[in-house]
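Enquirer: Protein chains in written order, with the numbering used here: chain V, 1 to 384; chain G, 385 to 588.
A couple of the hints might just be wrong.
[Stated by the list, open to error] With a cut-off of at most 20 Å between alpha-carbon atoms, the simulated SDA-like pairs for lysine to any residue come out as follows:
#1 G:580 / V:192
#2 V:157 / G:504
#3 V:157 / G:473
#4 G:580 / V:88
#5 G:551 / V:178
#6 G:408 / V:88
#7 G:551 / G:509
#8 V:157 / G:509
#9 V:157 / G:534
#10 G:580 / V:103
#11 G:408 / V:64
#12 G:580 / V:147
#13 V:92 / G:406
#14 V:157 / G:408
#15 G:580 / V:142
#16 G:400 / V:89
#17 G:551 / V:147
#18 G:580 / V:189
[As the list claims (entries may be wrong)] Listing some non-contacts, in silico: residues in chain G with all C-beta distances to chain V over 12 Å:
#19 390
#20 395
#21 412
#22 429
#23 443
#24 500
#25 536
#26 544
#27 545
#28 556
#29 578
In case anyone wonders, no lab produced these hints; they're calculated from the structure.
Keep in mind it's a predicted model, so treat the numbers as computed, not measured.
We treat Cβ as the ideally placed atom computed from N, Cα and C, and that holds for glycine.
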Amino acid sequence: MLLESLEAHQFRNLSGKISWGKGLNIIYGDNGQGKTNWLEAIYLLATTKSFRTPRLQEAIRFGEDLAVVRGQVSRSRDVQRDLQVTIQGNAKALSVNGKREAVMRYLSQLHTVAFTADELEVIRGGPEARRKFLDRGGISLHHSYVQTLSDYHRVIKQKNQLLHDVSDAEMSIAAARILIEPWNEQLVGLSAIIHRARADYVERLRQALETRLFGREEISIRYVSSLEGKGDLRDYEALIAERLQLRLQAEIASSRALIGPHRDDLEILFDGHDIRTFGSSGQQRSALILLDLAAISVYYLWHGEYPLFLMDDVDAELDRRRIGHLLEYLEGRTQTFVTTSKESLVKQFAARAIVYEVRDGEIVQRATSETDLITTIATGTSII
Amino acid sequence: MLEYSEPVVKLIDEFKRLPGIGQKTAQRLAFHILRMTNVEVERFVAAMQDVKLKIVMCSVCNNLTDVEPCRFCSSTSRDRSIICVIEEPYNLVAVEKTRSYHGLYHVLHGSLSPIRGMGPEDLRLQNLLPRLRPENNDGVEVLEVILATNPTTEGEATASYISRLLKPLGPRVTRIAMGMPVGSDLEYVDEVTMDKALTNRHEM
Chain V
1 MLLESLEAHQ
11 FRNLSGKISW
21 GKGLNIIYGD
31 NGQGKTNWLE
41 AIYLLATTKS
51 FRTPRLQEAI
61 RFGEDLAVVR
71 GQVSRSRDVQ
81 RDLQVTIQGN
91 AKALSVNGKR
101 EAVMRYLSQL
111 HTVAFTADEL
121 EVIRGGPEAR
131 RKFLDRGGIS
141 LHHSYVQTLS
151 DYHRVIKQKN
161 QLLHDVSDAE
171 MSIAAARILI
181 EPWNEQLVGL
191 SAIIHRARAD
201 YVERLRQALE
211 TRLFGREEIS
221 IRYVSSLEGK
231 GDLRDYEALI
241 AERLQLRLQA
251 EIASSRALIG
261 PHRDDLEILF
271 DGHDIRTFGS
281 SGQQRSALIL
291 LDLAAISVYY
301 LWHGEYPLFL
311 MDDVDAELDR
321 RRIGHLLEYL
331 EGRTQTFVTT
341 SKESLVKQFA
351 ARAIVYEVRD
361 GEIVQRATSE
371 TDLITTIATG
381 TSII
Chain G
385 MLEYSEPVVK
395 LIDEFKRLPG
405 IGQKTAQRLA
415 FHILRMTNVE
425 VERFVAAMQD
435 VKLKIVMCSV
445 CNNLTDVEPC
455 RFCSSTSRDR
465 SIICVIEEPY
475 NLVAVEKTRS
485 YHGLYHVLHG
495 SLSPIRGMGP
505 EDLRLQNLLP
515 RLRPENNDGV
525 EVLEVILATN
535 PTTEGEATAS
545 YISRLLKPLG
555 PRVTRIAMGM
565 PVGSDLEYVD
575 EVTMDKALTN
585 RHEM
């Protein structure tokens, strides 16, 4: 898939419309000019979310009441679609070709894999970031997985409240069981779908991992169910139903849902060691890049087309050698968008990229020497 | 200082209490009322008072009604051996439109939702169990209870809770099927619905 062009109105400090190149796009500018805002706009168009804030209304320009990001996406030579995300207050409206579309169907239009400072949480942070990484992957393969996750979180929220109420009321276990079981019943089914979707996605990632991209480093991953060692994971429904029965008292005592895939994790080993505690900062970044590349490959194998790849502040995250390897790998595969404030980096990769310069939110394509010439000739002839 | 004179502000505030109505709509409605004739306003007020005075909750099924018991519960032509449990009175209209259901109803007036403070005692459930006894049902035994609560997590929990309550008492307890909307094209059905429809497929 290709993002042909992007237009932003009142989205942060952005203005104007820009056409993108099919391969590597370098967004260059000094700090604070709005480079990352353009990347965020692309990410928003694809995911309907921001990688910087959970509160989208923060992205509406100060003093305005709505922001619009619009883009033209082509899936093949003949299939082009206009996507639009409108943020108004805390609501957002999604449309495809000018018609309102439900989120589940909208999400199938454009897919991105993004490497940002926040995404490093997948490597360094708590298990929640890793679960989210896997769930983004799950959604990229099956869009209906969005609904499963949303139902699951809703049931967990309801159950937590109920456990809290039950524990406050000092109810007997038998009476509490009658109230909690209707929610547990749903947890069994939803948990099983989530468990299988994540385990399946991790298996696909494992097969796709390009272990040799940055030299001799090896990364291995494993999905760690919180029910591991408690019984036969192959019969997940029976196992979780049994655990929910067994741990009811403990759940009431702690007023929290203790059983389910919201307690699972992804184990990431680098050269056989836990990357979180033993990895150097450079290794952690490499590991995340490898995971992202694996995610791109899994997406390609499933859908037959590549997602977009976004990378914020590329030289802050990787050294030049790694950037070189990475961009070489991506060439001919993804449409790639990277931001940088380093002129030297722009010079190094200008030959195989289209370079954009951002000043005060406005973006212009920087003329390469070749297009420079064409423009001059064009103006020249028009004058004559 | 208030933006409008006090009676107008009060009316706007009252409209804003209604579901789905914000400041702008409330303002528009209030000014519409100012433009209405006295007769129109009186008719409007009378209509609102009338529903409050004349509409009561059926003591048998909790449906909203102007006769007690309601037309469904007192009907001699309805099948008294089957009860359809629904969340809200307007769900009854949806089932009734099919014209293929001839049984009785039971309206819960809500669904289980701990985060909204709705427990079993907040649902209109107390009068459901007694209905299963033939002596309370014109001598007819209730053979089946259909749980037609919404296909949301709250609706599912409610259905599950009630089924656990009823099953030991004997009647067949069923849940409405989830699946394809009729008259639509397969390609327009979302994956979750399609998935449910496949799971709930039946022999031909």
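Enquirer: Hints first: check each against the structure and report whether it holds.
Expert: Evaluated hints:
1. G:580 / V:192: holds (15 Å)
2. V:157 / G:504: Holds, because 18 Å separates the two Cα atoms, which is no more than 20 Å.
3. V:157 / G:473: violated (27 Å)
4. G:580 / V:88: violated (34 Å)
5. G:551 / V:178: holds (14 Å)
6. G:408 / V:88: holds (16 Å)
7. G:551 / G:509: holds (15 Å)
8. V:157 / G:509: Cα-Cα ~24 Å, so violated.
9. V:157 / G:534: holds (19 Å)
10. G:580 / V:103: With a Cα-Cα distance of about 19 Å, the restraint between residue 580 of chain G and residue 103 of chain V holds, given a limit of 20 Å.
11. G:408 / V:64: Since the Cα atoms of residue 408 of chain G and residue 64 of chain V sit roughly 18 Å apart, the hinted pair holds (cutoff 20 Å).
12. G:580 / V:147: holds (12 Å)
13. V:92 / G:406: holds (18 Å)
14. V:157 / G:408: violated (33 Å)
15. G:580 / V:142: Distance of about 15 Å is within 20 Å: holds.
16. G:400 / V:89: holds (19 Å)
17. G:551 / V:147: violated (30 Å)
18. G:580 / V:189: holds (12 Å)
19. 390: holds (29 Å)
20. 395: holds (25 Å)
21. 412: holds (18 Å)
22. 429: holds (34 Å)
23. 443: Nearest chain V Cβ is 26 Å from residue 443 of chain G, so the label holds.
24. 500: violated (9 Å)
25. 536: Given a closest Cβ separation of 8 Å, the condition is violated.
26. 544: Label violated. Min Cβ-Cβ 4 Å, cutoff 12 Å.
27. 545: Residue 545 of chain G not clear of chain V: closest Cβ-Cβ about 4 Å, inside 12 Å.
28. 556: Answer for residue 556 of chain G: holds, closest chain V Cβ roughly 19 Å.
29. 578: violated (8 Å)
The structure fails hints 3, 4, 8, 14, 17, 24, 25, 26, 27 and 29 (numbered hints given earlier, in ascending order).
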